[in-house]
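These protein sequence lines are chains C and W, in that order. Under my numbering, think of the first position of the first sequence as 2, with each following residue one higher. Under my numbering, think of the first position of the second sequence as 1100, with each following residue one higher.
Note that these hints are calculated values from the structure, not bench results. Predicted model, so just to flag it, every value in this text is computed and none were measured. Misleading hints may appear alongside valid ones.
In silico BS3-like links for lysine-lysine, alpha-carbon gap of 30 Å or less [claimed, not checked]:
id, chain 1, residue 1, chain 2, residue 2
1, W, K1449, W, K1464
2, W, K1540, W, K1464
3, W, K1464, C, K36
4, W, K1449, C, K36
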Amino acid sequence: MLAALDAGVSRLLLDLSAVTYMSSAGLRLALLAAKRLRGSGGKLALCVPQASIASLFEISGFSSILSIHRDRAGALSALSG
Amino acid sequence: MTLPGIEPIATFLGGLGLFFTGIRNLSANMLQIGGKRLREAATGHTGSPVLNALIGTLAGALLQSSNGIAFVLISMVTAGLVPVATAMSLMLWANLGTSTLVILASIDLRLVALVMLGIAGVWLHIDRAGSSARRRAIEVLMSIAMLFFGLELLRTGTADLHSGEAAEAMRIAGASAMGAFVLGVVGTLITQSSASTTIIAVAASQAGLFTFNDAVLLVLGASIGSGSNVLLLGARTRGTQKQLVLFQALAKLLGIALILPLVLLELSFGWPLLLHAVRAMASDPGRQLTLVYVACQAAPLVIVGVFSRPIRQLLANVAPPLAAESLRQPQFIYDGALGDADIALILVEKEQARIVARLAGALEKPDEAEAASLTSLTAAIGRFLGAITGAGEGSAVALPQEQLDRIANLQARNEVVRLLHENVQQFARERDALPPGAVAKLADTLTQGLSAVLMCLDDAVRDGAAEDIALVRQISSDRSTVVDSLRRQLVQAGSQELVYSLTSLFERAVWLVQRYSLLLVDGGAAT
């Protein structure tokens, strides 16, 4: 993901469909990507179908600053908007 | 009715009182006026030797407290505003700068002092509603006038005492070379200023109370006293701070190490060395003594200039930097920094930032020893903040409202971070005691979420960026709805008490993070 950001990607979809566990380091990484993209005028959207992972974003408060969606279609739509 | 012999003693005491009040007020007012400018000047330049010489000498001449300046610079190095080498160079030149007052004091300024006293006194009486900056400038003038008028009274008193019993006692104290030297050391330990001791010695010498040779040894003793003062004031410093304290003491010692052998050789064998040179340069014994004082301040510049590298290596070996020191010990705050409230508050912010940086680690792995250390550290910060306020109240110059507001803000932050750390520890202890199962899984989710919030708080405190502070505020806003939802799901599965306790501790921790972030917005983040 960081390599993509370094390469100048301006719209990034982070698909967490296969992720079953996430730590605070993962949350921070998502936040870092969002901050970098916001700074360069880009966008980040997350696809988070797993309830446990979605709950972690809710609990941490990160859901209030990240664009989180239950499926890829919703995330892609947010990126193209 | 006047008791016989009391008048010269009263004149001497009155002069002494005026002199010390003048020098204390001068230093306090000038540190208030010039401390910020000294910091800006010291921070703004690139470490050029010529600028170091100019800024250091000017600071010494204006602030008239070489040890006071040393502690301002130590604070600046601690806060990362000035490199160690620059601070050392500025200290040496500031020591030389303090000679200005000694030179002025050797000149008869009685009429000037009286005129200044009159103008400043009348001005302060009339201009009661004047701006604080103008009043402070007039107070500086008043302090200088008091200092010089006190000095004139001292001269008159000592001249009248010349044949009295008190003078006999002083002659006995200064009768031997060692006696005069010790008198200089002890006098400076009491007056906290080698310049003050020298000025009094100059007055006493001009009045014939000391022989010239004894007065020279008294001035040399005063430098040792000044070095001892800085060691006493900096006794509790460590690491780089200790290096700078030792450097200032060493500078005083090196001056004497060079000058004293020359004086002793000259006194013992009559070789024409330093005393011969100062006699050739000035006829008045007071001015000759002044030149000896200047030589003591200038000598370390030569020695440190030649042996700069081995001296710094020695200091680094004696007082290595603090990287591995316990969290219990304050790394930034120290008593010597209390004289400059602005910089003392920056040091408090840095100390609090250390605690914030440990919060995520404490959540991951609670440690009783570290918890005790952090409790001790927050208590030390609280005492230090109280001492800044106390120093302001005890000073001739009151702290401005802006600084009082910052102190209140930092006191509030201190209390919030203490509660937050306790809360995090309690949460981690309860989580670690859970058996595997649904509640343990909830606890892990809460842990990861809270850890991310604490790391964001650390970023905001460390960098102070407005964007990071706003982000922390947003992610720490009320989330009772989501926590309630989790709580309901798990309470149905049992373990009601454990679930309530964990979720309540989590909610409280997030609320405390928000309290802290609001204080950062109000009071600025650690710089």
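Within a Cα-Cα threshold of 30 Å, do K1540/W and K1464/W meet the stated pairing? 17 Å, holds
Can you confirm whether the C-alpha distance between K1449/W and K1464/W stays at or below 30 Å? With Cα atoms ~23 Å apart, K1449/W and K1464/W stay inside 30 Å; holds.
Is K1449/W within 30 Å of K36/C, Cα to Cα? It holds: about 25 Å lies between the C-alpha atoms, which stays within 30 Å.
Under the criterion that the straight-line Cα-Cα distance not exceed 30 Å, is the pair K1464/W, K36/C satisfied? Distance ~29 Å between K1464/W and K36/C Cα, so the pair holds.
Comparing the model with each numbered hint stated earlier shows that all of them hold.
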